[in-house]
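All chains should be modelled from the sequences, with the hints used to inform the complete structure.
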Amino acid sequence: MGSRASTLLRDEELEEIKKETGFSHSQITRLYSRFTSLDKGENGTLSREDFQRIPELAINPLGDRIINAFFPEGEDQVNFRGFMRTLAHFRPIEDNEKSKDVNGPEPLNSRSNKLHFAFRLYDLDKDDKISRDELLQGKAQLLPVEDRGGRLGQCKVLRMMVGVNISDEQLGSIADRTIQEADQDGDSAISFTEFVKVLEKVDVEQKMSIRFLH
Amino acid sequence: MSHQLKGRGEEGGGGMRGQARSGSLGTGDRSRRSPSMKRPHRAEEAPGRRRAQPGQKERAGGSPGSGSPPRKQAERRGRRELLGDRERGSAEKICRGRRKKDGRASLREQRAPSKREKEVRRKEEVWKQLKKHRSSSMASSTSSGESLSEEELARILEQVEDKKKLIASMRSKPWPMSRKLAELREAQEFLEKYEGALGKGKGKRLYAYRMLMAKKWVKFKRDFDNFKTQCIPWEMKIKDIESHFGSSVASYFIFLRWMYGVNLVLFGLIFGLVIIPEVLMGMPYGSIPRKTVPRAEEEKAMDFSVLWDFEGYMKYSALFYGYYNNQRTIGWLRYRLPMAYFMVGVSVFGYSLMIVIRSMASNNQGSTSEGDSDNFTFSFKMFTSWDYLIGNSETADNKYASITTSFKESIVDEQESSKEENVHLTRFLRVLANFLIICCLCGSGYLIYFVVKRSQEFSKMQNVSWYERNEVEIVMSLLGMFCPPLFETIATLENYHPRIGLKWQLGRIFALFLGNLYTFLLALMDDVQLKLSNEETIKNITHWTLFHYYNSSGWNESVPRPPLHPADVPRGSCWETAVGIEFMRLTVSDMLVTYITILLGDFLRACFVRFMNYCWCWDLEAGFPSYAEFDISGNVLGLIFNQGMIWMGSFYAPGLVGINVLRLLTSMYFQCWAVMSSNVPHERVFKASRSNNFYMGLLLLVLFLSLLPVAYTIMSLPPSFDCGPFSGKNRMYDVIQETVENDFPTFLGKIFAFLANPGLIIPAILLMFLAIYYLNSVSKSLSRANAQLRKKIQALREVEKSHKSVKSRATARDSEDTDKSNSKNDTQLTKEGTAHHSASQSQTLDQKAQGSGASSSAGKTVLPASQHLHVSRAPGVRPDSGQAQPQAHPWRSTSGKRAWRPPH
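Those protein sequences? They're chains P and S, same order as listed. Per our numbering, the first sequence starts with residue 1, numbered consecutively. Per our numbering, the second sequence starts with residue 1, numbered consecutively.
In case anyone wonders, no lab produced these hints; they're calculated from the structure. Heads up, the beta-carbon is just placed ideally off N, CA and C, and yes, glycines get one too. Hints should not be assumed to be uniformly reliable.
[What the hints assert, rightly or not] Cut-off 20 Å, straight-line C-alpha distance, at most; resulting in silico cross-link-like pairs (PhoX-like, lysine-lysine):
| hint | chain 1 | residue 1 | chain 2 | residue 2 |
| --- | --- | --- | --- | --- |
| 1 | S | K780 | S | K791 |
| 2 | S | K228 | S | K216 |
| 3 | S | K204 | S | K215 |
| 4 | S | K291 | S | K729 |
| 5 | P | K201 | S | K228 |
| 6 | P | K201 | S | K791 |
[Said to hold, decoys possible] Chain P stretches covered by chain S per the calculated footprint, using a threshold of three residues with CB under 8 Å from any CB of chain S:
| hint | region |
| --- | --- |
| 7 | 55-64 |
| 8 | 177-188 |
| 9 | 192-206 |
[As the list claims (entries may be wrong)] Calculated Cβ distances over 10 Å to all of chain P for the following chain S residues:
| hint | residue |
| --- | --- |
| 10 | K408 |
| 11 | I411 |
| 12 | L432 |
| 13 | S777 |
In structure tokens:
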């Protein structure tokens with residue numbers, strides 16, 4: 001199966017992916033075999049259902065949003081390249097990467113890109129702010145801005161995280177407190193800089209890394 | 001070859017790591033880790049490596065480029081064989097340490113059988129030649145199955161060179177001598193450690209071996225830690241409870257577990273050093289009067305009701321003090337039982353004191369080292385609390401519960417800290433509550449005193465009913481059952497934070513129990529004095545009986561009379577055993593009352609509420625009876641006082657600790673079950689204070705208080721004349737003197753006598769006081785210094801943060817640039833707002849600009865959201881005005897928040 005994976009993957013494509021994501025050759029082929037094993041439709045792309053078959057994602061309260069992060073805006077399929085681009089956020093930062101190419105484009109797995117990935121999981125309407133509503137409710141791809149007042153939200157983050165045994169009122173106050181804590185400029189929403197500040201002490205470089213096999 | 005070996009090594013490492021973090025997103029599927037899947041990796045290794053080192057000569061060596069497919073395939077096949085061989089080989093190698101030394105040779109041997117990979121080997125030869133000059137170490141490092149990547153190696157090489165240069169030029173450096181020495185030492189250490197990696201021959205093998213061992217050691221430690229966690233008893237149960245009921249309830253169970261451990265040690269001590277020797281080597285039952293049931297009690301001695309009261313055969317067993325003989329040595333081991341009895345009694349207290357104080361100290365350490373990372377409590381919980389590796393729905397449920405609980409705990413803390421109140425009213429209510437509670441305490445104290453007095457009268461009477469006999473226990477249990485809820489009701493007047501309220505409640509119930517205990521003890525003392533005063537007459541009677549028995553007329557003088565049957569010998573009341581029985585009964589009745597309370601008050605109530613709810617006229621679950629909450633304070637104190645009882649009683653009833661171990665064991669399971677099945681979480685779940693030092697402090701107090709009566713009886717009461725290991729002596733501690741005189745050489749006896757001189761003891765005590773004073777002041781000044789240092793670190797961090805935030809803002813801007821998906825105009829705006837500020841500009845300025853940019857953008861796009869926010873602010877947590885306002889300086893904001901935090 002491994003051999004099939006590497007033959008299906010064209011060399012030049014592999015080269016490009018390597019350049020873009022920083023994965024090594026073997027990692028790419030390895031992930032490609034993973035990709036094909038997830039791809040039940042066998043059409044070279046993954047659909048949302050494919051992702052939902054991963055138990056860790058199915059059970060995760062943010063699972064839907066993580067899955068969404070794999071898909072470019074307005075699309076229902078993701079190809080291997082997109083898949084790799086998203087996964088590259090989770091590549092651990094290596095020592096020698098820190099020093100080199102300061103002026104080149106920032107690699108996908110830098111701290112701020114990792115944080116931005118996490119930020120986008122919460123920032124549903126992509127306005128670079130996490131508002132109270134976004135914490136409480138909302139389905140990312142379905143809700144245009146004007147629709148947010150309507151109670152469409154099927155996957156409320158907080159609700160999902162705490163289960164059923166907490167009242168709506170309390171949830172609201174949790175969301176309020178969260179925003180109050182993090183909010184610095186008084187716009188009642190968490191901007192990316194504020195988000196970064198909150199997670200300043202968290203070792204994001206390490207926590208948001210998956211040790212891909214070499 | 002070297003390259004290939006390295007490949008294997010790396011893969012081994014990678015595989016292991018993959019295993020360690022199973023189920024993560026990219027590597028989630030376990031099947032990927034199977035060996036068949038790994039193969040392409042090694043095939044691809046070569047080009048990857050080559051690309052990583054473009055400066056090297058590899059390309060020139062004619063090794064294949066990116067590899068044409070057919071050739072790669074062949075290569076792969078070959079290596080597959082190799083892999084199997086090699087793995088077997090490495091396993092063997094670990095077994096046989098010797099072969100590790102000539103790893104390369106052995107590998108070659110192993111490779112010999114697999115004939116098919118000529119090509120591979122040829123390539124390897126090429127590789128070897130190519131890299132000979134620099135990477136010879138790789139072979140050795142990989143032959144020992146560990147990984148060192150090319151980059152790492154290069155880095156180490158560089159560093160080693162640096163260090164060497166440093167050592168060489170050390171002399172000419174214009175540094176002070178101390179620094180030179182320090183640098184030199186550091187450099188040498190480094191060289192010693194890493195030179196092996198790059199050197200040749202022995203050094204590199206040694207290095208490889210050391211690296212291997214280090215890795216093995218790390219892995220072993222990790223496994224061992226896992227193993228240790230698995231070995232912690234009831235850990236899963238407690239975690240389960242913690243996730244549903246919060247840390248405060250869990251703290252009780254942790255305390256219970258700790259207590260069980262302590263009791264197990266005490267049990268081992270007493271059982272192993274006193275009871276077992278007595279049973280094995282002491283005189284058997286029925287041989288002497290103190291080990292025999294008296295004639296008058298004999299017929300009833302096996303009745304259950306008698307045994308249940310620890311009379312009859314129970315009383316004359318090794319469970320109690322009176323059973324032990326005063327023979328100096330027993331058995332062929334010449335075991336000095338009285339001495340052992342005394343020493344064990346003392347060491348029970350010694351061990352308990354030591355362990356309590358030690359755990360208090362370690363708790364303290366834990367709490368001081370705890371950082372102050374709770375600036376963003378809610379945000380942290382919101383953004384980071386989910387564990388992304390959870391793939392099991394049951395675990396996920398537990399995680400939900402624990403997140404909920406932790407949120408609730410934080411909410412309570414927040415509410416409490418932002419509460420404002422009418423100070424005068426609160427004060428008045430608190431005084432009132434305390435007054436009421438003191439009245440209750442006095443009343444209950446008097447009640448107990450009254451009952452104890454009455455029971456003394458009852459004990460003189462002949463036939464008393466069951467109730468009259470057990471009146472004291474019943475009254476005490478009832479008090480223990482009804483007073484705590486009463487106190488709790490009164491305490492609601494006070495309106496404390498639940499955590500502080502719990503402490504008050506604990507203190508009050510402690511006072512109640514203490515009063516009860518001491519009244520009980522005083523009554524017991526009266527009893528003991530009475531028995532002691534009777535002892536003299538009984539002693540005379542015994543002497544007379546024996547005298548008459550042996551000297552009575554009408555018996556043939558030449559034949560010695562058979563000794564009087566031990567059951568017929570009249571004997572004293574043996575106050576020590578009486579005390580032991582009292583404690584035993586109290587412990588057992590306490591246990592039963594606890595269990596019955598749980599069964600009736602919690603379980604039956606829960607059943608009633610649950611099932612009668614279908615056919616009742618109001619909602620039972622939400623309305624009046626509802627489900628019970630777990631009573632932390634009552635349970636903790638029950639545990640503590642029970643332990644006090646054990647400490648007091650264990651000297652007179654060695655079997656008491658055994659009973660207690662059983663009690664704790666059953667109550668662990670029983671209460672765990674009861675909590676999970678029939679209790680509901682507290683309405684206001686609150687976080688337990690970080691250390692349960694309050695419990696420990698109470699325990700220490702109880703330990704001290706229970707030490708007093710025991711010490712008093714040992715020091716100042718004469719032991720009974722005809723029972724127990726110290727009978728016939730003036731005081732119990734005479735046994736030490738006796739041992740010193742008889743068993744130790746005389747000069748040691750002199751030394752002891754000298755040491756016991758008050759002229760020496762008083763200065764020693766004084767010295768101890770001085771030492772305590774000194775250490776106390778030292779620790780105070782140290783803690784002050786600690787606080788100051790922490791402040792300084794905090795300040796430093798703030799400064800650092802303000803620097804960093806400038807930088808991170810710049811990077812954030814970068815990432816926004818690159819991110820095409822969010823092409824909203826506010827990005828543009830932010831960029832424009834900050835573009836003309838360079839990173840080196842003052843931080844506040846930058847932030848202001850940023851803030852204005854951001855807020856204006858918010859005004860455009862997030863308007864609905866923010867409006868909504870203002871309208872529907874929940875009443876649970878009131879927005880703090882200071883928080884909601886924009887804050888120009890991060891330092892100010894965080895320090896404000898810190899002061900605003902609830903005290904722990």
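| Against which earlier hints does the structure fall short, listed by number upward? | 5, 10 and 11
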